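Asker: Produce the entire structure from the sequences given, and follow the hints as far as they go.
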Amino acid sequence: MLPSARFAALGLALPTPPKAVAAYIPACRTGNLLYVSGQLPFDSGKLLATGPVPSAVTVDAAKAAARQCGLNALAIIADTLSAGGGGGLQGLDRVARVVRLGVFVCSDAGFIQQPQVANGASELMEQVFGEAGRHARAAVGSIALPLGATVEVEVLVEVTG
Amino acid sequence: MLPSARFAALGLALPTPPKAVAAYIPACRTGNLLYVSGQLPFDSGKLLATGPVPSAVTVDAAKAAARQCGLNALAIIADTLSAGGGGGLQGLDRVARVVRLGVFVCSDAGFIQQPQVANGASELMEQVFGEAGRHARAAVGSIALPLGATVEVEVLVEVTG
Amino acid sequence: MLPSARFAALGLALPTPPKAVAAYIPACRTGNLLYVSGQLPFDSGKLLATGPVPSAVTVDAAKAAARQCGLNALAIIADTLSAGGGGGLQGLDRVARVVRLGVFVCSDAGFIQQPQVANGASELMEQVFGEAGRHARAAVGSIALPLGATVEVEVLVEVTG
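Chains as they are written, first to last, in this note's numbering: chain A, 118 to 278; chain B, 118 to 278; chain C, 118 to 278.
In case anyone wonders, no lab produced these hints; they're calculated from the structure.
One copy or two, it doesn't matter: identical chains are merged, so the pair holds either way.
Capping the alpha-carbon separation at 25 Å, the derived lysine to any residue pairs in SDA-like fashion look like this:
1. K163 / V176
2. K163 / G265
3. K136 / E275
4. K136 / Q233
5. K136 / G247
6. K163 / D225
7. K163 / Q233
8. K136 / S121
9. K136 / R214
10. K136 / I229
11. K163 / G227
12. K136 / V176
13. K136 / G227
14. K136 / K163
15. K136 / E248
16. K136 / T147
17. K163 / I142
18. K163 / A137
It should be emphasised that the depicted structure is a prediction, and the values quoted were computed from it without experimental measurement.
Answerer: And the structure:
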């Protein structure tokens, strides 16, 4: 099944691709590699979760936020790779594989479940891209993230064509 | 206008390329990708800013420090890519595009303006390389950075030839 | 001398390659680049060091932990690149060069010796791969890491063939 079909079968909809602020861009391609900028858990213009885990946000809510970061990355990928740049799902079908996720989790000192949080984004990639969605990953804690977000996820994918 | 000319027109001068300490190198090339090691805001051998934002350093001072990190990265790029390795500005003209910036900002808990700080480096790249200077970026907070620096910036560029 | 011979001459043994938890994989290849997931300092199933430097772990112990992270990355590289996937040392001989290390050190606020800690991994790479083991690096502090580990190291290598 193509990633675009898997995505639709999951009952998911692509969010509006978040715009980058100021002097950087949502994604940058070099050769067959597409680097997606660090994504925050924006949902309809609002952050799904802010503040550190676990004092301000539960592990489950942070995992859901990580998934939202992943969705926003997919929206940018689809928008960048679709023929007309219109954000069509078909852009996802040009992903040869997901290569790497970098996941930063706003953490209290002593919080150690960053992997469980990061799985929110990782599992989404596998659901959408299947075996090609399995990736290398670095998940770490951060004392503070942009706009107070609980999670930030950057994504590297290999592109075909 | 070539990047070397833009750079000069900005009234900028390349710093002496910082040497890496110990068992790593300032930059490493694979294929057409040049990975520049994380740069600190050294200016004439001294750090422009140390300690967290905002308790020890203002956002504006941290942004200036991020720009200095970027300048040091450019010095390494120029040195690595110039014909004789002499650090000539012409090395900058072999940058096909800036691909990714990783920006770590030493932050107090609750500080959320890492993007504004990171813009110091991002805007420099756009000023020097124009459209080719626009890049993907991940900007996050860090509890502590090497030598107490307020900012660390790593840079990935695509190289021609 | 081949990396596999250097490795043996150092009196080192490859650990069992750590398995990735859940929805990501130990390493992912794209073109000639092999991205190894962030490694923790597991030694025979137990973490060599947990908690921040310096309040819970000395710089020397953290450096040893960083070296163990590096060893685990080498085990994954050997396993991924050996013909039969059997984890033979010969897999190391297919590394054309070590390109980048990302090192996260669990740090108390005010700790500034992340480079000394990271050298544990960097020096291992140079010992095993010689000149080809010298790499670009970003070393930063982190408030908290997975499972409470003191260090996490991710590795990017260029592969031949």
